[in-house]
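> Chain residues, written in single-letter form:
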Amino acid sequence: MHLTLEFGGGLDLLCQSVKIHQVDVAPKDENAKLTMRDLLAWVRSSLIKERPEMFMKGDTVRPGVLVLVNDCDWELCGGIDMELEEKDVVVFISTLHGG
Amino acid sequence: MHLTLEFGGGLDLLCQSVKIHQVDVAPKDENAKLTMRDLLAWVRSSLIKERPEMFMKGDTVRPGVLVLVNDCDWELCGGIDMELEEKDVVVFISTLHGG
Amino acid sequence: HNTFYNGLTPGMIYRYSRHLLLPDFGVEGQKNLSMSSILVVGAGGLGSPVVLYLASCGVGCLGIVDSDVVELNNLHRQIVHPEAYVGQAKVKSAAATCRAINSSINIVEHNEALQASNALDIINKYDVVVDATDNLPSRYMISDCCVLLDKPLISGAALGLEGQLTVYHHKGGPCYRCLFPIPPPAAACQRCSDSGVLGVVPGVIGCFQALEAIKIASCIGESLSGKLLILDALSSRVRIVKLRGRSLHCVSCGENATLSQQNFRTFDYEGFTQSPMSDK
Amino acid sequence: HNTFYNGLTPGMIYRYSRHLLLPDFGVEGQKNLSMSSILVVGAGGLGSPVVLYLASCGVGCLGIVDSDVVELNNLHRQIVHPEAYVGQAKVKSAAATCRAINSSINIVEHNEALQASNALDIINKYDVVVDATDNLPSRYMISDCCVLLDKPLISGAALGLEGQLTVYHHKGGPCYRCLFPIPPPAAACQRCSDSGVLGVVPGVIGCFQALEAIKIASCIGESLSGKLLILDALSSRVRIVKLRGRSLHCVSCGENATLSQQNFRTFDYEGFTQSPMSDK
Ligand SMILES: [Zn+2]
Ligand SMILES: [Zn+2]
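Residue numbers (this note's numbering), protein chains in the order written: chain A, 503 to 601; chain B, 503 to 601; chain C, 20 to 299; chain D, 20 to 299.
One or more of the hints may lead you astray.
DSBU-like, lysine-lysine: derived pairs with alpha carbons at most 30 Å apart [claimed, not checked]:
| no. | chain 1 | residue 1 | chain 2 | residue 2 |
| --- | --- | --- | --- | --- |
| 1 | B | K521 | C | K246 |
| 2 | C | K261 | B | K589 |
| 3 | A | K521 | C | K144 |
| 4 | B | K551 | A | K589 |
| 5 | A | K589 | C | K50 |
| 6 | B | K589 | B | K551 |
| 7 | D | K144 | D | K170 |
| 8 | C | K111 | A | K521 |
| 9 | D | K246 | D | K170 |
| 10 | D | K246 | A | K521 |
| 11 | D | K261 | D | K246 |
| 12 | C | K190 | C | K50 |
| 13 | B | K559 | D | K246 |
| 14 | D | K190 | D | K170 |
| 15 | C | K144 | C | K111 |
| 16 | D | K111 | C | K111 |
| 17 | D | K50 | D | K111 |
| 18 | B | K521 | C | K190 |
| 19 | A | K589 | A | K530 |
| 20 | C | K246 | D | K261 |
| 21 | B | K589 | A | K589 |
| 22 | A | K589 | C | K261 |
| 23 | D | K261 | A | K521 |
No wet-lab data here; the hints were simulated from the structure. Keep in mind that this is a model prediction, so the values were computed, not measured.
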């Protein structure tokens with residue numbers, strides 16, 4: 503399944519300062535759908551090169567990180583159990599506090 | 503065919519100050535595709551309530567109006583002969599000069 | 020002031036004529052603005068354009084709260100402060116610049132740090148609050164205070180080459196704690212003094228904050244409540260996304276909220292976030 | 020100035036320290052900025068935030084060209100002008116405010132109208148041009164001049180509650196005439212003095228113009244060349260769209276362009292657009 507992943511608010515620093523990643527991620531078995539839970543595990547093992555605790559806590563994103571699927575907060579579309587579709591755009595963004 | 507039409511840069515004033523229109527437009531005959539040429543004629547007859555010369559000149563938009571289909575200049579996708587797809591978003595925007 | 024036409028003086032009609040011409044704003048919008056009071060928390064990178072545009076547009080009362088003094092290394096982004104004010108209070112400097120561009124509005128200087136102990140008293144005097152601070156505990160504190168006093172909050176942030184902006188606790192939308200019930204780990208809290216910031220990035224975000232404050236104070240348009248604007252300055256991309264709604268379980272604004280004015284005053288926001296209330 | 024570390028003086032290293040910390044900007048970006056010169060055409064609603072942010076960020080030479088005087092009904096949006104300068108030249112007022120926030124840069128006042136007769140001589144002295152004017156013939160004239168002298172042009176516009184922004188003639192992208200070979204009918208040219216403008220709308224667009232100018236002058240990031248940013252302030256929507264490329268048939272920048280320095284100097288831009296070179 504082809505997905506566009508974007509990292510912002512400093513999370514790009516965890517994946518070699520690359521903000522936009524075009525990726526292909528396969529579901530666990532052929533008939534199953536890919537969920538956000540699967541994607542998080544894939545991102546953690548395949549993209550995050552340092553300080554994984556700055557991205558995840560337990561099996562979800564750490565506090566202060568927003569997950570947006572096709573410009574919509576994942577909390578509005580099922581959160582971690584949400585099923586992804588071909589060509590979805592998933593944004594991981596850390597909240598900023600500076601000024 | 504369902505389309506979202508948006509008018510900006512003052513063109514909304516020509517259609518009762520409504521910026522976003524959700525519309526259904528049928529092609530001329532069942533098997534034909536709807537082109538931008540057809541859509542312009544439909545907009546002129548169905549949406550534009552005053553001063554049509556502020557929207558069109560001849561069979562195309564007047565100078566100073568940009569046409570954007572799914573966030574892309576129509577000149578990049580065939581211009582007036584471009585064929586529209588279900589759920590396309592078409593923006594008509596007049597260039598501004600103020601400051 | 021004597022008022023003549025529809026609540027506006029002849030001086031106002033001349034000064035704000037380009038606003039009065041706007042069908043979507045007009046006399047009603049200007050009158051609403053002139054009767055409103057807006058508090059800007061922070062006279063730094065975000066606060067600079069916010070106070071300049073709020074002063075120039077004719078808000079009735081503009082409050083500015085900050086305890087910092089102007090430093091030369093602020094001036095690459097804090098456009099409200101002239102060099103002559105280096106070493107003096109930011110609030111004094113910002114108020115002087117704002118008075119110079121519009122002497123006809125009321126500008127109130129709060130030359131102190133906004134803290135849980137004084138926030139209720141200060142914020143209570145205003146209709147709309149702009150969070151232009153630079154640290155995490157202040158963001159929780161200001162959001163909680165706005166929920167307690169039922170004030171709309173326009174929150175902006177900038178760091179490096181990125182910016183974010185939303186409106187909290189407005190027309191049934193979420194508050195800061197609805198989005199972030201648990202604070203991030205302290206190591207995730209980058210600060211401008213450590214990580215840097217391109218000066219014009221808080222400029223863009225601050226202008227958007229002023230726009231949202233003006234719309235809410237003048238009762239026009241649709242605010243960014245329930246939406247987050249994300250700016251990536253390096254590639255000039257702007258994304259506006261839909262956020263979750265108000266949480267029924269929110270300890271601040273939820274159905275069984277535990278937050279009260281009494282426990283707010285003594286809540287330890289620095290301990291809660293493991294982060295200091297200043298970017299020093 | 021003595022230069023020490025990598026072309027920057029110790030004073031610059033302190034003042035711009037928050038820029039130097041940025042991995043994507045750093046010493047190289049600040050050095051490029053300090054060696055660049057930027058001309059801002061128009062010290063009005065768009066020009067105000069542009070000159071303030073260009074002065075504060077440390078561009079080496081900032082030129083401002085305008086022939087207007089400050090009027091009280093400009094001040095609802097033109098935040099660079101204090102009331103004390105009403106009746107005086109906008110260029111003088113803007114330069115004074117910019118010098119007060121950064122005395123270490125070179126600010127050049129062009130207190131005259133930019134016209135086809137003087138534009139080549141003035142624009143030729145600068146690396147980057149910002150179009151912050153308020154009228155159609157100036158937009159064609161400035162674009163043509165930037166094509167002739169091969170300068171990137173950052174063009175912004177605002178009216179009512181809407182704004183637009185793009186970059187012309189940069190890295191092979193289109194010029195103004197590529198997009199608009201034929202001028203619109205004069206009746207379609209609304210002006211701020213007739214139709215009004217919400218003051219903070221040119222504020223947002225001007226900040227984006229300053230951002231684009233800073234990125235181009237410091238050689239970082241990706242500009243809005245070939246893209247148009249569209250702001251709808253009432254609903255806080257921002258759209259960034261892809262524009263057509265450079266036109267091979269463009270009379271200004273195309274393969275058989277007829278524009279030359281000689282015919283530029285005498286071209287009648289007001290006649291061509293049926294529109295005056297001022298918003299009065
Ligand atoms: Zn809440
Ligand atoms: Zn061209």
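> All hints are to be evaluated individually against the structure, with a verdict given for each.
Okay, the hints, checked on the actual structure:
Using a Cα cut-off of 30 Å, the hinted pair K521/B and K246/C holds, with the two alpha carbons roughly 20 Å apart. The hinted pair formed by K261/C and K589/B meets the criterion: a straight-line CA distance of about 20 Å does not exceed 30 Å. At roughly 43 Å between alpha-carbon atoms, K521/A and K144/C are farther apart than 30 Å, so this suggested pair is violated. Distance hint between K551/B and K589/A is unfulfilled; the C-alpha atoms sit about 40 Å from each other, more than 30 Å.
Under the criterion of a C-alpha separation no larger than 30 Å, the hint pairing K589/A with K50/C is inconsistent with the structure, at around 48 Å. A threshold of 30 Å between alpha carbons decides the hint, and for K589/B with K551/B the separation of about 24 Å falls inside it, so the pair holds. With a C-alpha separation of about 10 Å, the suggested pairing of K144/D with K170/D holds against the 30 Å cut-off. Annotation: proposed proximity of K111/C to K521/A is violated, straight-line Cα distance about 41 Å (limit 30 Å).
Restraint check for K246/D and K170/D: satisfied, since their Cα atoms lie roughly 18 Å apart, inside the 30 Å limit. Restraint check for K246/D and K521/A: satisfied, since their Cα atoms lie roughly 20 Å apart, inside the 30 Å limit. Only pairs whose Cα atoms come within 30 Å are accepted, and K261/D paired with K246/D is accepted, the gap being roughly 5 Å. At roughly 22 Å between alpha-carbon atoms, K190/C and K50/C fall within 30 Å of each other, so this suggested pair holds.
Restraint check for K559/B and K246/D: satisfied, since their Cα atoms lie roughly 25 Å apart, inside the 30 Å limit. Annotation: proposed proximity of K190/D to K170/D holds, straight-line Cα distance about 10 Å (limit 30 Å). Under the criterion of a C-alpha separation no larger than 30 Å, the hint pairing K144/C with K111/C is consistent with the structure, at around 19 Å. The straight-line distance between the Cα atoms of K111/D and K111/C is roughly 25 Å, inside the 30 Å bound, and the hint therefore holds.
Distance hint between K50/D and K111/D is fulfilled; the C-alpha atoms sit about 27 Å from each other, no more than 30 Å. Pair hint K521/B plus K190/C holds up; C-alpha atoms about 23 Å apart against a cutoff of 30 Å. Distance check on the hinted pair: K589/A and K530/A sit about 18 Å apart at the alpha-carbon level, within 30 Å; holds. A hinted pair counts as satisfied when its Cα atoms are at most 30 Å apart, and K246/C with K261/D qualifies at roughly 24 Å.
Taking the CA atoms of K589/B and K589/A, the gap is about 17 Å. The hint holds against a cut of 30 Å. Restraint check: the Cα-Cα separation between K589/A and K261/C comes to about 19 Å, which is no more than 30 Å; the hinted pair holds. Proximity of K261/D to K521/A is assessed by CA-CA distance (about 21 Å); at most 30 Å being required, the pair is judged to hold.
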